[in-house]
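Residues per chain are reported as follows:
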Amino acid sequence: MDYDNKPRSRTPLYEWHVSHNARMVDFSGWEMPLYYSSIIEEHHATRSAVGLTDISHMGRLRFEGPGAAVFLAELLTRRVADMQLGQIRYSLVTNYQGGIMDDVLVGYYHNAHGQPFYVLVVNACNREKIVAWVRQHLPPERALRRGREVLFSDVTPLWAMFAISGPRSMALLQPLVDVDLQWMKYYRGAQVRILHPAAKRQGGILSRTGYTGEDGFELSIGADIAADVWEVLVEYGKSLGAKPTGLGARDTLRLEAGMPLYGHELTEQIDPFQAGLGYTCYLTGYDFPGRDALLRIQERRPQLIRVGLQAEGRRVPRQGCTVLRNGVAIGTVTSGTFSPTLQKSIAMGYISPEHAAPGTAVQIDIRGRLEPAIVVELPFYRRDRT
Amino acid sequence: MLAPDQLRYTPTHEWAQLETAADGTPLVTVGITAYALEALTDLVYIDLPEPGREVKAGQPFGEVESVKAVSELYSPVDGQIVESNTAIANNLEQLSKDPYHSGWLVKIKPSAPGQLDQLLDYAAYKKLCEANPLH
Chain Z
39 MDYDNKPRSR
49 TPLYEWHVSH
59 NARMVDFSGW
69 EMPLYYSSII
79 EEHHATRSAV
89 GLTDISHMGR
99 LRFEGPGAAV
109 FLAELLTRRV
119 ADMQLGQIRY
129 SLVTNYQGGI
139 MDDVLVGYYH
149 NAHGQPFYVL
159 VVNACNREKI
169 VAWVRQHLPP
179 ERALRRGREV
189 LFSDVTPLWA
199 MFAISGPRSM
209 ALLQPLVDVD
219 LQWMKYYRGA
229 QVRILHPAAK
239 RQGGILSRTG
249 YTGEDGFELS
259 IGADIAADVW
269 EVLVEYGKSL
279 GAKPTGLGAR
289 DTLRLEAGMP
299 LYGHELTEQI
309 DPFQAGLGYT
319 CYLTGYDFPG
329 RDALLRIQER
339 RPQLIRVGLQ
349 AEGRRVPRQG
359 CTVLRNGVAI
369 GTVTSGTFSP
379 TLQKSIAMGY
389 ISPEHAAPGT
399 AVQIDIRGRL
409 EPAIVVELPF
419 YRRDRT
Chain D
1302 MLAPDQLRYT
1312 PTHEWAQLET
1322 AADGTPLVTV
1332 GITAYALEAL
1342 TDLVYIDLPE
1352 PGREVKAGQP
1362 FGEVESVKAV
1372 SELYSPVDGQ
1382 IVESNTAIAN
1392 NLEQLSKDPY
1402 HSGWLVKIKP
1412 SAPGQLDQLL
1422 DYAAYKKLCE
1432 ANPLH
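Just so you know, the protein sequences line up as chains Z and D, in that order.
Heads up: the first sequence is residues 39 to 424, going by the numbering used here.
Heads up: the second sequence is residues 1302 to 1436, going by the numbering used here.
Read the hints as simulated data drawn from the structure, not as lab findings.
Remember, it's a predicted structure, so these values are computed and weren't measured experimentally.
Where a beta carbon is used, it is the ideal one built from N, C-alpha and C, also for glycine.
Check before you lean on any hint, since a few could be wrong.
To be verified - To be clear about the criterion: a stretch of chain D counts as covered by chain Z if any three or more of its residues have a C-beta under 8 Å from a C-beta of chain Z, and this derived list gives those stretches: (1) 1338-1345; (2) 1368-1377.
What the hints assert, rightly or not - The calculated label-pair distances, taken between Cβ atoms and stated as ranges, are: (3) D:L1429 with Z:E53: 21 to 31 Å; (4) Z:R339 with D:K1398: 30 to 40 Å; (5) D:H1402 with Z:Q381: 54 to 64 Å; (6) D:N1391 with Z:E269: 33 to 43 Å; (7) Z:G358 with D:E1384: 32 to 42 Å; (8) D:P1434 with Z:G279: 37 to 47 Å; (9) Z:L196 with D:N1391: 30 to 40 Å; (10) D:D1422 with Z:D262: 48 to 58 Å.
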């Protein structure tokens, strides 16, 4: 990655990360913590207790006004117009060819004055592209159309965002917020008040969403109070076994949970059906960019589909490694890691559907050496919900 | 075994020490530095060569893999592998704890022991690491 000519962005927690000995790395132009102590320790802390992650690099785009619902319905693959207040949906943004431009969360909230608004959470690496895409589809004559106005703002620098993931995340958060979290369902969110002086009477948006395969929440709060509220979470969390976790553990956790990552499993060359995300495409409602292409793509048999791969040995298949069956190339690895939970090397990739049945023996070319692996069902890890 | 300030270093973060084998011939012990281990973090796997393999200065003799990335191990000298530390390959935690002693990786019979003089000394290596701080 070459960002050397570009100024890097810092989250409101940058100083905290550096003063807590984080190893900082460049991620999509942001200076982010890779880990504080060790990726594996932080991974296990999330699976067994709580992981606290600064995800303020995620882009947050806000839409309000009477035309916002229809505008988003005509931009996103997912149904938006029927969303209820407090509801969140996972969606894609596709280009006119049906290629994936981004995967996003769209949430529908109302503020303290009862005004409804939508928040689109986009990947850091795609923020500029999606902002440009929004502006392209929202010329002033549309944004100002009487009675259907759409007010769009990129609020990323104004809000910090934390992921609080793990089996004890509710125990950590409950004393700090004014809503009863056991009634907040998965993929729901709400405007909350933070019951601590560090928040200076400000509110935030809390959602039961995450990227780790654990129960968990994501909290958006003002950048000005972010560092103080973070300190409170870290302090409260200590007795529960909570740990600050960096992007290293975020990657191993999402990979075990079989969740795609933009730039790896998702690109503009991949369509939603190949990615196993056909369920996010609502093709009989509003016309969004790519809908016609997706109607055609849906009819044909995909050339490649996303699968899980588990290596026999410890060498890790990584992005770009070729997958073979009986010496013939059948696909490519898009991401891989050593799974701290399974203690095995795992990967995701795209292969021909005829070889994609779980249990199929394949080989992966890892830097010139063929390593045995098998196709496995995703996710690699599923939490115990009892 | 010598202290880190008496070893020689490659720019790719291997350390090397010239010793005398039991038969009086020169022997070079090679490992990776604490800085390299810190940079890699969370080791998963290390691949070391079989004894007898010929190696060349600046050419890979093995690889070390962490959760995040994989790195090649580069030989500091030309020569032949005499011994690989197979015990450490099965105990990567020990390698992280003690990279300069029990964490040695290979012993090489050098064909040109003078090549060691071209490697970095401790002061130069320290400067290299300080120019690229990890934290």
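Hint by hint, here is what the structure shows:
By the rule of at least three residues with a Cβ nearer than 8 Å to a Cβ of chain Z, the coverage given for the segment 1338-1345 of chain D holds, with 3 such residues. Look at the segment 1368-1377 of chain D against chain Z: 3 of its residues bring a Cβ nearer than 8 Å to a Cβ of that chain, three or more, so the hint holds. Here the CB-CB span from D:L1429 to Z:E53 is close to 27 Å, well matched to the stated 21 to 31 Å. In this structure, Z:R339 and D:K1398 break the distance hint of 30 to 40 Å, their C-beta atoms being roughly 53 Å apart.
A hinted range of 54 to 64 Å for the beta carbons of D:H1402 and Z:Q381 is inconsistent with their spacing of about 27 Å. D:N1391 and Z:E269 have their C-beta atoms about 41 Å apart, which keeps the hinted 33 to 43 Å range intact. Remark: the range hint 32 to 42 Å for Z:G358 to D:E1384 is upheld by a beta-carbon distance near 34 Å. Remark: the range hint 37 to 47 Å for D:P1434 to Z:G279 is contradicted by a beta-carbon distance near 30 Å.
For Z:L196 and D:N1391, the Cβ-Cβ distance of about 51 Å falls outside the hinted range of 30 to 40 Å, so the restraint is violated. Distance hint for D:D1422 and Z:D262: a CB-CB separation of about 50 Å, consistent with the stated range 48 to 58 Å.
Comparing the model with each earlier hint shows violations of hints 4, 5, 8, 9; every other hint is respected.
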